[in-house]
Amino acid sequence: MGLDHRKGIHNKIKENSNFLVTPIIYILNLPKNISESLTDLFKSKSQLFKKNQELEDKIIELSIENQRLILIQAENKQLRKSMKISNSLDINSIGAEIVLPRVNNGREIILINKGRNDGLKIGQPVINNLGLIGQIIFSGKSFSEVNPITSKKYIVPAIFEKGTDNIIIRGNGDKYLEVTMFPAHREVNIGSVFMTSGIDSLYPKGIKIGQVIKITPQVNNQFNHLLIAPFTTPMAYSQVRVFQDKK
Amino acid sequence: MIKKNTYKRSDAIVFCILFLITLLLSRINFPLIGTDGIMPDYFLALFVSLIATRLMKINIYILFLLGLLIDLLAGELIGQYGLVLIIIYFVNFILNKYFLLQTSLMQFSQNLVLITIGLIMLLILSSSYELTTNVNLLGIKWIVTCLVCLLYNQIIKASRHRI
Chain R
1 MGLDHRKGIH
11 NKIKENSNFL
21 VTPIIYILNL
31 PKNISESLTD
41 LFKSKSQLFK
51 KNQELEDKII
61 ELSIENQRLI
71 LIQAENKQLR
81 KSMKISNSLD
91 INSIGAEIVL
101 PRVNNGREII
111 LINKGRNDGL
121 KIGQPVINNL
131 GLIGQIIFSG
141 KSFSEVNPIT
151 SKKYIVPAIF
161 EKGTDNIIIR
171 GNGDKYLEVT
181 MFPAHREVNI
191 GSVFMTSGID
201 SLYPKGIKIG
211 QVIKITPQVN
221 NQFNHLLIAP
231 FTTPMAYSQV
241 RVFQDKK
Chain B
248 MIKKNTYKRS
258 DAIVFCILFL
268 ITLLLSRINF
278 PLIGTDGIMP
288 DYFLALFVSL
298 IATRLMKINI
308 YILFLLGLLI
318 DLLAGELIGQ
328 YGLVLIIIYF
338 VNFILNKYFL
348 LQTSLMQFSQ
358 NLVLITIGLI
368 MLLILSSSYE
378 LTTNVNLLGI
388 KWIVTCLVCL
398 LYNQIIKASR
408 HRI
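In order, the protein sequence lines correspond to chains R and B. FYI, the numbering for the first sequence is 1 to 247, going by our numbering. FYI, the numbering for the second sequence is 248 to 410, going by our numbering.
Only chain R is shown next, with the shape it has when bound in the complex:
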């Protein structure tokens, strides 16, 4: 067991024995898939028309937002060029869907329906449209397991939204994240937003992580303990995106 913990033999064996687990995942997802196909089959024309209308409205909203962002991007590019700052925001990403099961023998897990065959690797960050979800910790042939940001085994380098104070945030194993020793002389308020700093060259810079909900002074008054609520939970949306290597 000690050897396995150090060398990760378990994961290597699991990667090569996917055929044992894949049928179970298929069986568990079968009722959901059947019900979704049946729902799609019996959807009325009016429902589809309504949905189409909603999506068209959404496209118009997004295109307006996109026009504004194009202008900001051009300005940003110009400023980066004049100040000689390297651009670290160009990244590839791939879409995936969260599938069942959500538990494995008492452990909460997040499974996504893309794996090594789709180019996913261990360590790649996973996000949804609200913020950071976690990181891939196991990649099988056709599915991958994600470690959520609230897990005790999760650590991410972060900065404040305004771009100051490089710190390390870790999950507390209970729905929140925490910074155990934040210097007391640095300014922090309830509601301050943290995002990825990108200094680890693993996470792209600027992905929202969470906001401070509680500040507790430590015993020696030199540090504060920050409790951070994540912007998103893994189950908020079934669709996620996995960041791949930089362009």
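In case anyone wonders, no lab produced these hints; they're calculated from the structure. Every residue, glycine too, gets a C-beta built ideally from N, C-alpha and C. A couple of the hints might just be wrong.
[What the hints assert, rightly or not] Computed list of lysine to any residue pairs in SDA-like fashion (alpha-carbon distance at most 20 Å, straight line): (1) Lys-162(R) x Met-83(R); (2) Lys-152(R) x Glu-323(B); (3) Lys-255(B) x Phe-266(B); (4) Lys-121(R) x Val-21(R); (5) Lys-121(R) x Asn-18(R); (6) Lys-175(R) x Asn-383(B); (7) Lys-153(R) x Ser-374(B); (8) Lys-7(R) x Ile-325(B); (9) Lys-32(R) x Ser-374(B).
[To be verified] Rough simulated footprint, nothing fancy, chain B against chain R, three-plus residues with beta-carbon under 8 Å: (10) 7-20; (11) 96-103.
[What the hints assert, rightly or not] So, partial list: chain R residues that the calculated Cβ filter (under 8 Å) puts toward chain B: (12) Ile-24; (13) Ile-27; (14) Leu-28; (15) Gly-106.
Use these hints to put chain B onto chain R, whose structure you have.
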């Protein structure tokens, strides 16, 4: 020469069906008991039932191999369940050596002891290093696992009667 028949084929079929059901159950998030920390340890309940009722008369080597299979399918570390199942087998052997467990109440107590030891061993061997676990949650998990174990016992008894 008379060859010793160690187990019946029907017992092996019952075991395979129960193992597959357990594998599915361990990945289903039931309401109320599906939360992290409360969810019963289905594999522990199944193997305590198997060892206590002596279904298939599994020996310690096969038990260890089955433990490794569980580690591969649902465990965190290789050898975790293997070791736990060996310990349960050994404790069961000791209990049967010193006590005559005849009534159903005695057998239930035997299951409780085996499950308690199994859960404590799994906690100690956990890869998450969380020794300061929530005792209340662990208590609920223990109760639910015992109930699942009772259910498995009833299923095994029923299958034996039918066969």
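Now the hints, each set against the structure:
Distance hint between Lys-162(R) and Met-83(R) is fulfilled; the C-alpha atoms sit about 18 Å from each other, no more than 20 Å. Distance restraint check for Lys-152(R) and Glu-323(B): the Cα-Cα separation of roughly 15 Å lies within the 20 Å cut-off, and the hinted pair is therefore satisfied. A C-alpha spacing of about 17 Å is found between Lys-255(B) and Phe-266(B), which places the hinted pair at or below 20 Å, so the restraint holds. Taking the CA atoms of Lys-121(R) and Val-21(R), the gap is near 19 Å; set against the 20 Å cutoff, the hint holds.
Annotation: proposed proximity of Lys-121(R) to Asn-18(R) holds, straight-line Cα distance about 16 Å (limit 20 Å). This hinted pair checks out: Lys-175(R) and Asn-383(B) have alpha carbons roughly 19 Å apart, not beyond 20 Å. This hinted pair checks out: Lys-153(R) and Ser-374(B) have alpha carbons roughly 11 Å apart, not beyond 20 Å. For the hint pairing Lys-7(R) with Ile-325(B), the CA-to-CA distance comes to about 11 Å; that is within 20 Å, so the pair holds.
For the hint pairing Lys-32(R) with Ser-374(B), the CA-to-CA distance comes to about 32 Å; that exceeds 20 Å, so the pair is violated. Interface restraint, the region 7-20 of chain R with chain B: holds (6 residues with C-beta to C-beta distance below 8 Å; minimum three). Here's how the region 96-103 of chain R fares: 4 of its residues keep a CB closer than 8 Å to some CB of chain B, so the rule of at least three is met and the hint holds. Hint status for Ile-24(R) relative to chain B: holds, with the closest Cβ pair at about 6 Å, below 8 Å.
Annotation: interface hint on Ile-27(R) holds; nearest CB of chain B at approximately 7 Å, less than 8 Å. Hint on Leu-28(R) holds. Least Cβ distance to chain B is approximately 6 Å, under the 8 Å limit. Checking Gly-106(R) against chain B: minimum C-beta separation of about 4 Å stays under 8 Å; hint holds.
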